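A.B. asks: Listed below are the residues making up each chain.
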Amino acid sequence: MSKPETGKTPAVISSTHASFSIERIYPAAPERVYAAWSKPEAKARWFAGPDGWKELVREMDFRVGGKERVRGQHANGITSDFHCTYHNIVPGRRVIYVYDMYVDDVLISISQVTVDIEPHAQGTRQLFTEQAVFLDGFEDNGGRERGSNFLVDQIGAWLAH
Amino acid sequence: MLNYQNNLDRAFQALADPTRRAVVERLCLGPASVSELAQPLAMSLPAVVQHLQVLEASGLIRTEKAGRVRTCRIEPQTMQAVEGWIAQRRRSWEQHFDRLGEYLAEQERHDAPASNPKSSKPRNKR
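In order, the protein sequences belong to chains P and X.
Residues 1 to 161, numbered by my numbering, are exactly what the first sequence covers, in order.
Residues 162 to 287, numbered by my numbering, are exactly what the second sequence covers, in order.
If you're looking for bench data, these hints aren't it; they were derived computationally from the structure.
Honestly, I wouldn't trust all of these hints.
The following residues of chain P were derived to be distant from chain X, with all beta-carbon distances above 12 Å [as the list claims (entries may be wrong)]:
(1) 32
(2) 35
(3) 45
(4) 54
(5) 55
(6) 57
(7) 60
(8) 73
(9) 92
Across the chosen pairs, the derived CB separations fall in these ranges [said to hold, decoys possible]:
(10) 177/X to 79/P: 26 to 36 Å
(11) 192/X to 14/P: 50 to 60 Å
(12) 41/P to 253/X: 39 to 49 Å
(13) 227/X to 61/P: 51 to 61 Å
(14) 203/X to 17/P: 43 to 53 Å
(15) 193/X to 25/P: 31 to 41 Å
No experiment lies behind these values; they were computed from the predicted model shown.
C-beta atoms are modelled at their ideal positions from N, C-alpha and C, and glycine is treated no differently.
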């Protein structure tokens, strides 16, 4: 599987680590939630960009050592490219994968993701944990521009609340 | 991630004011002195300085004095942008999981009796 060309050495070399978790309780059986992560046609139903996002490439080989790739283009022209390798699969219970994230063909982060799926009184508890290293580019114009766009977006979302 | 949340809160508070947003917009173009920043603003210099202090405390800008001139610039600190990325990443996953929830709910509606045998449906097929 070919990776996008990064082209040039970044002006700034930095690596910043972060981790976060998102917990969701779904009123559905754990097998259903697991299927949504493990079956390509099911995953394609929810693992996609926001409105206006166009899918360019989608490949998924769900097994340990198998790869997944989802490349798409946002309405504003920015491309995103998700390159993933599955590392651990416990059917019905857990998926661990590592993914590289490219924005406009520049590698912005490498992350390890753990998805824990367990039965819950209301259906299923899904715990998503991402441990990421965010790379470079935060001090270049592109990074800063995205950072400030982000703030503007956040303020917009906050006001719309 | 609590610290990162606090920083974001402070940044949003600082940006809630139109004057401070104007200052940040101006500084996105490049560094400027306090008097350059004050010039287009219809307020006293002390009032401008107060706004700059709020911005500096929020981590959005940095100021430094050389001689008699205090220069302000956007804080290029990596964390600032990283916070943006992390929050954006998180938000993107939240959106995915909302959609996952909708997809699961749709499936449940399709064959609720099969997937949830415990719930006794009031309507019986026969």
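A.B. asks: So, for every hint listed, does it hold in this structure?
C.D. replies: Okay, the hints, checked on the actual structure:
Not every CB of chain X is more than 12 Å from the CB of residue 32/P (nearest about 6 Å), against its label as outside the interface. Interface exclusion of residue 35/P from chain X breaks down, the closest Cβ pair being 9 Å apart, not more than 12 Å. A cut-off of 12 Å between C-beta atoms contradicts the statement that residue 45/P is not in contact with chain X; the least separation is 5 Å. Every C-beta of chain X lies more than 12 Å from that of residue 54/P, the closest at about 16 Å, which supports listing it as non-interface.
Chain X leaves residue 55/P outside its interface by the beta-carbon criterion, the shortest separation being 14 Å against a cut-off of 12 Å. For residue 57/P, the shortest C-beta to C-beta distance to chain X comes to about 18 Å, beyond the 12 Å cut-off, and the non-interface label holds. The claim that residue 60/P is not at the interface with chain X holds, since no C-beta of that chain comes within 12 Å of its own (minimum 15 Å). Non-interface status of residue 73/P relative to chain X is upheld: no Cβ of that chain comes within 12 Å, the nearest being about 15 Å off.
Every CB of chain X is more than 12 Å from the CB of residue 92/P (nearest about 14 Å), matching its label as outside the interface. A C-beta distance of roughly 33 Å is found between residue 177/X and residue 79/P, which places it inside the suggested range of 26 to 36 Å. Between residue 192/X and residue 14/P the Cβ separation comes to about 21 Å, which falls outside the hinted range of 50 to 60 Å. Checking the proposed 39 to 49 Å range against residue 41/P and residue 253/X shows it is violated: the Cβ atoms sit about 21 Å from each other.
Between residue 227/X and residue 61/P the C-beta distance comes to about 58 Å, which sits within the given range of 51 to 61 Å. Separated by about 45 Å at the C-beta atoms, residue 203/X and residue 17/P satisfy the suggested range of 43 to 53 Å. Against the hinted window of 31 to 41 Å, the Cβ-Cβ separation of residue 193/X and residue 25/P comes to about 50 Å, which falls outside the hint.
The structure is inconsistent with the numbered hints 1, 2, 3, 11, 12, 15, although it conforms to all the rest.
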